[in-house]
Amino acid sequence: MSAAIPVEQIKTITMSIYRYDPTVDKKPYMQDIVVEIPTDKDIMVLDALHLAKNQEPSLSYRRSCREGVCGSDGMNINGKNGLACVTPLSEVLKRDKITLRPMPGLPVVRDLIVDMKQFFDQLEKVKPYLITKSDTPDIERKQTPEAREELDGLYECILCGCCSTSCPSFWWNPDKFLGPAALLQSWRFIADSRDEATEERLDDLEDAFSLYRCHGIMNCVSVCPKGLNPTEAISNIRNKLLTREKA
Amino acid sequence: MFSNLGHGSKEFLIIRACAVLMLIYTLYLGGFVLLADEVNFNQWSAFFDNTLNKIFTSLFFLAFAIHTWLGTWAVASDYLTPRIFGNFGRIMNVGFRGIVAAIIALVLTWAVIIIW
Numbered sequence: 001m002s003a004a005i006p007v008e009q010i011k012t013i014t015m016s017i018y019r020y021d022p023t024v025d026k027k028p029y030m031q032d033i034v035v036e037i038p039t040d041k042d043i044m045v046l047d048a049l050h051l052a053k054n055q056e057p058s059l060s061y062r063r064s065c066r067e068g069v070c071g072s073d074g075m076n077i078n079g080k081n082g083l084a085c086v087t088p089l090s091e092v093l094k095r096d097k098i099t100l101r102p103m104p105g106l107p108v109v110r111d112l113i114v115d116m117k118q119f120f121d122q123l124e125k126v127k128p129y130l131i132t133k134s135d136t137p138d139i140e141r142k143q144t145p146e147a148r149e150e151l152d153g154l155y156e157c158i159l160c161g162c163c164s165t166s167c168p169s170f171w172w173n174p175d176k177f178l179g180p181a182a183l184l185q186s187w188r189f190i191a192d193s194r195d196e197a198t199e200e201r202l203d204d205l206e207d208a209f210s211l212y213r214c215h216g217i218m219n220c221v222s223v224c225p226k227g228l229n230p231t232e233a234i235s236n237i238r239n240k241l242l243t244r245e246k247a
Numbered sequence: 001m002f003s004n005l006g007h008g009s010k011e012f013l014i015i016r017a018c019a020v021l022m023l024i025y026t027l028y029l030g031g032f033v034l035l036a037d038e039v040n041f042n043q044w045s046a047f048f049d050n051t052l053n054k055i056f057t058s059l060f061f062l063a064f065a066i067h068t069w070l071g072t073w074a075v076a077s078d079y080l081t082p083r084i085f086g087n088f089g090r091i092m093n094v095g096f097r098g099i100v101a102a103i104i105a106l107v108l109t110w111a112v113i114i115i116w
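Order-wise, the sequence lines are chains A and B.
For the first sequence, my numbering assigns the number 1 to the initial residue and increments by one for each residue that follows.
For the second sequence, my numbering assigns the number 1 to the initial residue and increments by one for each residue that follows.
It should be emphasised that the hints constitute simulated quantities derived from the structure, not laboratory data.
One or more of the hints may lead you astray.
Claimed, not checked - Cross-link-like lysine-lysine pairs, in silico, DSS-like; alpha carbons within 27 Å at most:
1) A:Lys-125 x B:Lys-10
2) B:Lys-10 x A:Lys-127
3) A:Lys-240 x A:Lys-142
Everything numeric in this text was worked out from a predicted model, so none of it was measured.
Turn these sequences into a full structure, and let the hints steer you where they fit.
Shown next as structure tokens:
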């Protein structure tokens with residue numbers, strides 16, 4: 001890159017990156033990789049990672065759409081979870097240095113790649129799909145514009161895992177506490193006027209862990225790259241649980 | 001309505017109800033201390049001779065016991081687990097809860113002896 005860009009438009013930064021290949025390394029370590037970045041434009045953290053990978057081809061991370069839609073490149077950037085593809089490097093560089101680690105709380109497969117099984121197992125528990133009991137209408141299940149608006153701020157979740165892996169309750173009990181992402185999806189279907197399994201969905205959340213392990217510290221809200229509010233969704237479910245009258 | 005609630009919801013409400021009761025009692029006792037011209041032994045003794053105050057104080061300690069028991073259970077089930085400490089986690093959890101139970105029993109017994 002330095003050959004194509006005038007020297008005055010280049011600066012070097014240090015990327016401190018978590019490295020771990022369980023087939024080779026006994027334990028994880030941090031590797032400093034110095035890369036040259038252009039100064040005449042802002043690039044994303046993911047772009048800088050590509051530059052680092054040019055030097056260290058074994059460096060591994062997930063990425064796909066590179067525009068904040070697929071949710072593949074969730075990682076811990078300077079201690080805060082986020083998507084590398086939509087995080088401008090200029091916002092996170094500190095003294096020309098950036099630290100990248102895998103999302104905390106999940107097993108590391110390799111470098112910045114984590115095993116998301118636990119995350120998706122919890123999502124599966126909330127049955128993230130419409131459940132209906134009435135006869136299937138000829139054309140479609142209709143919804144008023146007002147009822148549809150209730151789903152705004154809920155359906156946009158891309159399941160990147162940034163929220164759940166920044167939640168201490170999920171770290172300590174990832175098999176019992178559903179986590180903010182799954183609970184946001186739970187509320188998305190409880191709030192859906194077409195769904196006919198509200199009571200069953202609420203019954204499934206009545207234990208001491210699934211929902212009630214949320215202490216409302218709002219880490220999930222702070223890190224969500226889509227600007228969603230899982231804490232509010234959890235609060236809505238809790239209010240529904242506490243005020244419902246069973247038949 | 002309460003009987004409709006599941007385990008998690010009941011626990012959530014009980015912890016908060018106990019906290020509210022303890023807050024009200026603290027304000028009540030604080031109000032007595034602040035509004036009294038002078039708090040000497042006779043006034044303090046007269047305050048706690050009142051049966052309603054005895055009942056209220058007992059309820060405070062009961063709420064304290066329940067709040068502490070449920071609260072520390074939640075803390076222990078986060079941090080003192082086999083997930084974090086391996087097999088030793090279970091022993092630590094049971095040991096911690098035993099110590100908490102002993103402290104609560106001691107405080108309750110002491111409170112009953114003093115109040116009644």
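### Task
Take a quick look at whether Lys-10 (chain B) and Lys-127 (chain A) sit within 27 Å of each other, Cα to Cα.
24 Å, holds
### Task
Take a quick look at whether Lys-240 (chain A) and Lys-142 (chain A) sit within 27 Å of each other, Cα to Cα.
24 Å, holds
#### Entry: Hinted pair Lys-125 (chain A) and Lys-10 (chain B), Cα distance within 27 Å
22 Å, holds
In summary, the structure agrees with every hint in the numbered list given earlier.
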